[in-house]
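Trainee: Work out the full structure, taking the sequences as your base and the hints as a guide.
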Amino acid sequence: MGGYVFPNEIHVNWGLFIVLYPYITGLVAGAFIVSSLYHVFGVSDLKPVSRLSLVSALAFLFGAPVPLLLHLGQPLRAFNIMFTPHLTSAMAGFGYIYSFYMIICLLEAWFMFRKDLVIFSQKKKGFAKRFYSLLTLGAKDISPEALHTDHKVVSVLAVVGIPSACFLHGYVGFIFGSIKANPWWSTPLMPVIFLLSAIVSGIALQILVYSVSCKVRKVEIDIPCLVAMNKYLWTFLIFATTLELLEILHMGYEGKSEWDMVRGLITQGIPVSYLGVQMGLGILTPLVLLPFGRAKRRSDGVKKTLTVACGILVLIGVLAMRFNVVIGGQLISKSMAGYAQFHWTLLSDEGVIPTLGILAFPVVMTLVLVRILPPWLEERKVQIADSKVTPLSARWELKGSGK
Amino acid sequence: MTKDKLSRRDFLVSAAKVLAAGVVAPAGGLAAAQAVLAEGKNAIQEMPVQQLWAGKEWGFVVDTQKCIGCARCVKACKLENKVPLDEEVFRTWVERYLVFTDDAGDEEVRTDSPNGGLDFKQLDVAPDKQFFVPKLCNQCHNPPCVQVCPVGATYRTGDGVVLVDRKRCIGCRYCIQACPYGARFLHPVLKVADKCTWCYHRISHGMQPACVEVCPVGARKFGNLLDSNSQVAVLKKKARIRVLKPDMGTKPNVYYIDLDEVVE
Numbered sequence: 280m281g282g283y284v285f286p287n288e289i290h291v292n293w294g295l296f297i298v299l300y301p302y303i304t305g306l307v308a309g310a311f312i313v314s315s316l317y318h319v320f321g322v323s324d325l326k327p328v329s330r331l332s333l334v335s336a337l338a339f340l341f342g343a344p345v346p347l348l349l350h351l352g353q354p355l356r357a358f359n360i361m362f363t364p365h366l367t368s369a370m371a372g373f374g375y376i377y378s379f380y381m382i383i384c385l386l387e388a389w390f391m392f393r394k395d396l397v398i399f400s401q402k403k404k405g406f407a408k409r410f411y412s413l414l415t416l417g418a419k420d421i422s423p424e425a426l427h428t429d430h431k432v433v434s435v436l437a438v439v440g441i442p443s444a445c446f447l448h449g450y451v452g453f454i455f456g457s458i459k460a461n462p463w464w465s466t467p468l469m470p471v472i473f474l475l476s477a478i479v480s481g482i483a484l485q486i487l488v489y490s491v492s493c494k495v496r497k498v499e500i501d502i503p504c505l506v507a508m509n510k511y512l513w514t515f516l517i518f519a520t521t522l523e524l525l526e527i528l529h530m531g532y533e534g535k536s537e538w539d540m541v542r543g544l545i546t547q548g549i550p551v552s553y554l555g556v557q558m559g560l561g562i563l564t565p566l567v568l569l570p571f572g573r574a575k576r577r578s579d580g581v582k583k584t585l586t587v588a589c590g591i592l593v594l595i596g597v598l599a600m601r602f603n604v605v606i607g608g609q610l611i612s613k614s615m616a617g618y619a620q621f622h623w624t625l626l627s628d629e630g631v632i633p634t635l636g637i638l639a640f641p642v643v644m645t646l647v648l649v650r651i652l653p654p655w656l657e658e659r660k661v662q663i664a665d666s667k668v669t670p671l672s673a674r675w676e677l678k679g680s681g682k
Numbered sequence: 002m003t004k005d006k007l008s009r010r011d012f013l014v015s016a017a018k019v020l021a022a023g024v025v026a027p028a029g030g031l032a033a034a035q036a037v038l039a040e041g042k043n044a045i046q047e048m049p050v051q052q053l054w055a056g057k058e059w060g061f062v063v064d065t066q067k068c069i070g071c072a073r074c075v076k077a078c079k080l081e082n083k084v085p086l087d088e089e090v091f092r093t094w095v096e097r098y099l100v101f102t103d104d105a106g107d108e109e110v111r112t113d114s115p116n117g118g119l120d121f122k123q124l125d126v127a128p129d130k131q132f133f134v135p136k137l138c139n140q141c142h143n144p145p146c147v148q149v150c151p152v153g154a155t156y157r158t159g160d161g162v163v164l165v166d167r168k169r170c171i172g173c174r175y176c177i178q179a180c181p182y183g184a185r186f187l188h189p190v191l192k193v194a195d196k197c198t199w200c201y202h203r204i205s206h207g208m209q210p211a212c213v214e215v216c217p218v219g220a221r222k223f224g225n226l227l228d229s230n231s232q233v234a235v236l237k238k239k240a241r242i243r244v245l246k247p248d249m250g251t252k253p254n255v256y257y258i259d260l261d262e263v264v265e
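Chains F and W, in that order, are what the protein sequence lines are.
Under my numbering, the first residue of the first sequence carries the number 280, and numbering increases by one thereafter.
Under my numbering, the first residue of the second sequence carries the number 2, and numbering increases by one thereafter.
Because the hints were derived from the structure by calculation, they are not lab data.
These numbers were taken from a predicted model, which means no experiment stands behind them.
Be a bit skeptical, because a hint or two may be false.
As the list claims (entries may be wrong) - Derived CB-CB ranges, DEER-like:
(1) W:127 x F:622: 40 to 46 angstroms
(2) F:531 x W:262: 52 to 58 angstroms
(3) W:262 x F:349: 42 to 48 angstroms
(4) W:35 x F:385: 47 to 53 angstroms
As the list claims (entries may be wrong) - A short list of chain W residues far from chain F (calculated; beta carbon distances all over 12 angstroms):
(5) 54
(6) 123
(7) 185
As the list claims (entries may be wrong) - In silico PhoX-like links for lysine-lysine, alpha-carbon gap of 25 angstroms or less:
(8) F:535 x W:246
(9) W:237 x W:57
(10) F:459 x W:246
(11) F:510 x F:459
(12) F:510 x F:494
(13) W:238 x W:252
(14) F:459 x W:252
(15) W:237 x F:535
Ideal Cβ positions, reconstructed from N, Cα and C, are used throughout, including at glycine.
Mentor: Here it is in structure tokens:
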């Protein structure tokens, strides 16, 4: 490490906030795809998480622009990106793509939860009644025909949502992949790599959110659902890993002049976060353990433990991957003669504490949204008999409402 | 005696007059000069850009054989363009290359630019080859920074200079990532992207950029490439020149004379 770095490269310009941007956006895209696996592709095992994943996708979508906004040198001018977009810039699309996707998600959530909103607006009292009444936007018809229409609209939105989610995150990959000045970023594979790692992280997030929600609500985890997520996580992890390795192998095999710099980055600059956390903990370990977590002869306890543990590892691994791309890429000096240093700080300059705060925001948003729009379905039948806590869903007749 | 006294008084009076003239006249001159400049400034600001740009394509030539690494250009640039002196950000900087060749013929290149070249340390070893390379924005014909700016805050003028509109820049720093030459930075005070403008405020008035003005050895040359008699046009035509990172497809407009191949 060391060597010569251009004087203007001594400070790493895109810090931890920009690491969070592709991470959170990826979780959104991934969570949405999980939801769509049920609604569009009819993976019925995933029904217990289909509403939950849409709600968490929405919550994380609210969190996605936060790190970007706080990163800007002139945050008050943020909306200029939509008012005066410069069309040759990949980044100029952000406002439009994000807004479009937000509209799709909000619409899908509204149609999906409309029946619940109407029921709440009738059964609740006081402020809650008025609040839910407002959310229904006056559409209070819950006749079977109306609900059938809702269901059809949700299906259409889910179909439109899949390419939108892919575009939202593939586009983030393009922001990095199109920077020819940076050999660690510049590859046409980048959008696909970003998209696949996004799906991987989104499934992992759903495994975690679903397990935690079951634990908190004291209901049994639906094992077929967990096994299905385990299977999808494993499959997409294989695709993502293949492309990530392909990129490195291709660069190394060609051995063009920039390979020396990339090799130095991997072996000396970011060996712990790249080889250790991203590759070892985030990819290799779950690739090996996930099949054990869904093997028929394993007990439910083992399945839960292994699948949830792998989910956590994948979430950490993908965060490390975002770090390795965003920060790692900036460590390679454009002088091609040395490496910049990344300085960890606690508070100032996009430090660790504000970064964790931003990361916590979508988690808190998820907690808030599941209170407003309870996504739970039919678990009463698997409810632990001696549980003294009544799940939210049990208070109202929600059975079968969540198509 | 009286004559002496008178003559002393005469002397004092004359001295006072001279002194007064020495103080007042330059002050008046300065005021007059400022008035002329302000008039010129207004004239330039009111001039349609087509007229300002007509017949001009600015170009920059760096003669790496001449640079002595004094870094006066670095300091002049910072002062002229109000770039904070104590921050590690530079519109222009000077790199020092030391090349050591061992008996087997293997080369080792040591490059440095401490504080942009303002703080070069004396050498305790003698390299086999050494030279300085001044760096600045290449004002590319095909600038990636302009391509990626999401709000169009950075643009290329008709006379060939890439500028940043400080009132539009949102400080996203995408342009800094896109520049292959490390020529851009976030202004530490203004929090917008900043870069060399070839002292656009000076060249529009017919002056030379500050770095060119102060270079004691003529290593930096600036002029109009469309004027076939200008020094830069002649050098671009006749000297052995190279641009930085030609494979990036950026088509730089800073031309280096006798640039060593180790320079990126």
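Trainee: Enumerate the violated hints, using their earlier numbering and listing them in ascending order.
Mentor: Checked against the structure, the hints that fail are numbers 1, 2, 4, 7, 11, 15, while the rest are satisfied.
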